[in-house]
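Please model the complete structure; the sequences and the hints are all you need to start from.
Number of protein chains: 2
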Amino acid sequence: MESIASENFIKTLYHFHHVQGKDTKPGSIARELGITSSAATDMARKLSLKKLIQYEKYKALKLTPSGEKMALNILRKHRLWETFLHQVLGLSMHEIHREAELLEHQTSDFLAEKISLYLGNPEKDPHGDPIPNAKGWVNNDDGSIPLAMAHVNHHYFISRLSGSDKEFFDFCHSSHLIIGSLIRVNKHYTINQMIEIEVNNTRLILNKVFAQMIHVKREKE
Amino acid sequence: MESIASENFIKTLYHFHHVQGKDTKPGSIARELGITSSAATDMARKLSLKKLIQYEKYKALKLTPSGEKMALNILRKHRLWETFLHQVLGLSMHEIHREAELLEHQTSDFLAEKISLYLGNPEKDPHGDPIPNAKGWVNNDDGSIPLAMAHVNHHYFISRLSGSDKEFFDFCHSSHLIIGSLIRVNKHYTINQMIEIEVNNTRLILNKVFAQMIHVKREKE
DNA sequence: AAACAAATTTAAGTATACTTAAAATAAAAA
DNA sequence: TTTTTATTTTAAGTATACTTAAATTTGTTT
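Sequence lines, in order, name chains A and B.
Numbering-wise, my numbering puts 150 at position 150 of the first sequence, and it's gapless, one number per residue.
Numbering-wise, my numbering puts 1002 at position 2 of the second sequence, and it's gapless, one number per residue.
Treat the hints with care, as some may be off.
Claimed, not checked - Computed Cβ-Cβ distance ranges for the label pairs, DEER-style:
| # | chain 1 | residue 1 | chain 2 | residue 2 | range |
| --- | --- | --- | --- | --- | --- |
| 1 | A | G21 | B | A1134 | 24 to 34 Å |
| 2 | B | K1069 | A | Q20 | 37 to 47 Å |
| 3 | B | E1113 | A | Q20 | 33 to 43 Å |
Just so you know, the hints here were simulated from the structure itself, not pulled from any lab data.
For every residue, glycine included, the Cβ atom is placed at its ideal position computed from N, Cα and C.
Put into structure tokens, the structure is as follows:
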């Protein structure tokens, strides 16, 4: 079994590749995990010996098939815990990530299946993110786009709220920005990269960071 | 925060002291945790620097008040998880210990309170063992005694089944030995330390190991 | 294309949690 | 009481996961 440090490295690499589509070198993983790049380089070398990632000096990192399988296994546990903590124990949106981040590493496949079964094998977590299935398959492309990329004068439904801090969720909640909400894009401000939308008969100006944490879709789910 | 290794050391020391009442030296903890005694001595010295245990060379180990508080905090999480996994997710008696053993170390006090609240602040876990409260108080002496110490011709109710392996629970289940069952002690065999009891109109002969995992009480709970 | 800046890698060192092997001490037996 | 046995402790060494500091490589600018 892999250590917590290895699991977090693999998980972060998966996230950068699939969610952000970035060219990932040890430095960016280091920044994300709060370690030095030398530590990340070291870990990259070790994980490549275990055939979990592809690593060539100065090149971008890539997960191997078995590394990707491992990432999806952890991601499944993370999202199952988030769903469980929210739906069953009533933890709020900003609390679930913090707790799931710890529990995911100490969860057997056996327990993950019990949780999934209890929840009725959900396909989405409370953020609207898809939960990989037990075989490690996930559909990352549900047709949704970041609000920052949405077209002016079009209507959309909110499909994902991918934040983890209290401020973000407090703002979303108080502005009727929840999964399923209907919104309209009014205007893109090219200078400061803000975006103006209309929700619930209210105009809102959002900055780019928020506009990338909110994902939208043309059709209702 | 303390490491998993430290937490397991502290927990084991607590267990030996309160549950088994033994004179605990590094060697016995080492045997329990599957490490060498030199590793245990080392850990004992480190934990005594943190004022979690009292340690003098060649003497028995003792928890300090803050060490005991820490042990009870972990024990609370362990027993809350066991209760939760059994009652909510339907895991069987031999599965809950294994999973709780992992989860207990990654559970915040915050999450423990949520679990406790969800369960209605239970006082006993599925084994019949008391759950320490959030302040770290527990009543270890509920008046029950190991079946091995019970008196001939007396009637008792089963109050605790403190095992963790499948065989034990399979045997208990198939013999109607569950918490609350009424039993009668027929005879103690002094030679081989077996004990004969009557449950559900059936005579059973138990060996000493089993007779110490089963705790009994005169009154119904 | 040379020079500078930014990032990555290597090298050396630390803390944790172990290991094995030898030395010291305590407990038990002769 | 001495000897033997068992246990504990110390010493030295390993793997993991980091750190800082220096060297190397890459990317960018002029």
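Hint check:
1. A:G21 / B:A1134: 24 to 34 Å: Distance hint for A:G21, B:A1134 is violated at roughly 45 Å.
2. B:K1069 / A:Q20: 37 to 47 Å: holds (43 Å)
3. B:E1113 / A:Q20: 33 to 43 Å: The hinted range 33 to 43 Å holds for B:E1113 and A:Q20, with Cβ atoms some 35 Å apart.
Consistency note: the structure conflicts with earlier hint 1 alone.
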